[in-house]
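These protein sequence lines are chains A and B, in that order.
Counting in the numbering used here, the first sequence runs from 3 upward without gaps.
Counting in the numbering used here, the second sequence runs from 1193 upward without gaps.
Think of the hints as simulated: they come from the structure by calculation, not from any bench.
Values in this document were obtained by computation on a predicted structure and should not be read as measured data.
Backbone N, C-alpha and C fix where the C-beta goes; we use that ideal spot for every residue, glycine too.
Some hints here could point you the wrong way.
Only part of the chain A face toward chain B is listed, based on derived beta-carbon distances under 8 Å [unchecked claim]: (1) Asp-146; (2) Lys-380; (3) Leu-381; (4) Asp-383; (5) Arg-386; (6) Leu-388; (7) Gly-389; (8) Ala-390; (9) Gly-391; (10) Ala-394; (11) Trp-398; (12) Leu-399; (13) Pro-402; (14) Leu-403; (15) Thr-407.
Chain by chain, the residues run as shown.
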Amino acid sequence: MRGRTLHSRAVSLSPTALARAANAVWWVVAFGVPLAGVVSLAAAPGAAVGGSALLAVGADSVALGAALAVVALALAYPLARAVSAPWLLTCVMIAPLARAIGALQLGLAPGTGAFALARLAGDAPLAALLLRVRLRSRPQSWLDAAADLGAGPWRRFRAIEWPHLRPAYAVAGALVLLLGLGDATTAAVAGGGKRYTLALALREAVLLDAHPRRAAVIAGMLIAVAVPCAWALARGLREAARGRSGREGRPGRAGLGVLALCVLPIAALIGPALAWPWSAGDELLLSQVPATLASAGVAAILGAGLGCAAGLGLPPRWGPTMLLPLALPPAVYGAAWLTVAQRLGWGPGDGLTVVALLPGQVAIAYAGAVLAAADAEKLADSARDLGAGLAARARWLWWPLMAPTGVALALVAFAYAVGDAGASAFTSGPGGSTLAVGLEIVGRGGEVGVVPRWALGLASLPLLLAGLAGLIRRP
Amino acid sequence: MTLALQRIGKTYAGRRALDDVSVELPSSRYTCVMGSSGSGKTTLLRIVAGFERQDAGTVRLDGEAIDRLPAERRPVHTLFQDYALFPHLSAADNVAFAPRLLGIRGAELGRKVARLLADVGLDMSKGSRKPAALSGGEQQRVALARALAGEPRWLLLDEPLAALDRPLRAELRRLLRTVQRERGLGCLHVTHDPEEALALADTLVVLGEGRLLAVGAPQALYERPPSLTVGRLLGELTLVPGAAEEWIRPEHLRIAAGGAPGRVRSTACLGDRWEVEVEVQSGACVVRCPGPPGCAAGDAIGLAWDASHVLRFARAS
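All chains should be built: construct the whole structure from the sequences, respecting the hints.
Now the structure itself:
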């Protein structure tokens, strides 16, 4: 008994101090600096903000985001019944930039249609993925009982399946709306100047118009939407992680048509990507690959590590705080971090990109870890009961159990970071030091053949990573 | 190592799960905590284990408060209802988990694991298997060996036999009793099954709606329950024929000519005993007899009983 007490005491002190230090760093990186950046933007001198124009952009952005969310949710159910979670995740991981370029390659004119297709190709799989998590705890016995009592498919859906899925629909709706409002890349490329989102307006206020006060107001609007959504996301995540005793229904086929719609923009890239000869634009983008992979790799490894540790170690009341970066558009982090870094004399570049991407990466990994570890709470109790302190639990329980999940989450974060042009448009500096930002710039410069090729490359990355994850998981 | 629970209170979302529960449990004894669903028995166990923190009161081991000790530093181990075996470790590695944390390694660890597995009736050939490759009974034995491996002063058991079939349950019940006796362990066993509680317990603690209803020797509580609620929790009670507020255990009623008149509604064989439902003047009552009752539905019979077995409770109970 004495040996056990001494052993546990020796390992339990330093992790607490480490956790406190990590907590402090998290608050600074995820909230302190961005808030300071927004305040700094607001305090800068400049012309009047133009409130009515901003409100019009905001209202237009919300209306379009809401409409797309409704369509995405409608498409999500058949998609969730037809397509397995790894494939849905692969679709979600495809960079918005690649989908936007693909939508234009289909021959659609830049504007609302191309924007909507590019967004839906990612939003519908995302909503379907969230529904699918919920479908795992489908109350099959209730559905059987309803069928036994004579309820038809529609009545069973309305009376049993819909109430069960409602939390997932709410989370998916909130997330899709947030992503729509916060997407600058798709609006810039597929919108072609005819379709604005709040995030694109923020990007233009900082990078084109040099209007910091307007940028601060837009960032404030996005934060005001994000805070309640983060709370709803945390609640939804807890719901989704709970009650897994159900059984998935038989797969449906109707969703395969929706899947085809989602991959259509990517399929449209294949022809031009292969036909166009190698050019100087390719060389330019190729030169940006090492730095992109390095910064994305660092952000992904750090993000997955911290997010998994937080997901396993923090109590549920931390959920909203941990998920807020998922609700805040990357553009807000990019703009805020750029502003603060400039004040501190830290120039744009890969380091700043990593820091601006990190909160989002941590939030993604946190959400994944919470979902994956929901069943393991009993095991943690059991290990504690047998005398395992924090370090021993990490070594003997969490590491072997969660390593594959951690690797998968790191790969998701990596794909997200490689394809990001939302935060890195601000932090990578003039000319763009990351592949996605460089691709956007090259595209605007008229290198029409280069763009589909590299967009296809970006879109293929999740597929490669999914294959890699599959190989790692294989015993 | 005496386990004392002093004025323990716990509230979940405005509902009192435990309300001022105080009880002192002597070391090296088998204590069963009984109660219906939602009576607070599992909450009590989790508070002792350190998984939950009580809102009020103190848990003491040998007079020393352990409230501030985290679960991993308490000298108690738990046998969970669903076993909670680590799925990535073999049975032997599960058993070796706590000894490894105590710094035991190599041949000494191997010997200890083999001995523990043997103590619970498993041989080392099962040691290399993962939990998923073991039957429910084998998993339960591995979980018991794992809990014993950390040499706890108290073993906490959270309905450990609930998921097992009847013959296996009886077998493991005897194993638990043997292990407790041989090791001189204190055991705190939560169950809702009166048969299990009565068979295992030296001391029986009965909870109801978060309150302590009774503490005592199981046979005494069975024969003379302090309240109707406790009496019903420990076994069936039936009204005494012709009396409105007097109760008796069904096995204390017997069919006898010249007794209180009644008519048989039904008879049923329960395997080792028979049950007869009888309509009497004051309603219906149940008779349990060791062999075939010698009557059939519709027969007129007489019922007799020994007045010393009649139970009367205050109205509030």
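Numbers of the earlier hints that this structure fails to satisfy, in rising order
1 and 15
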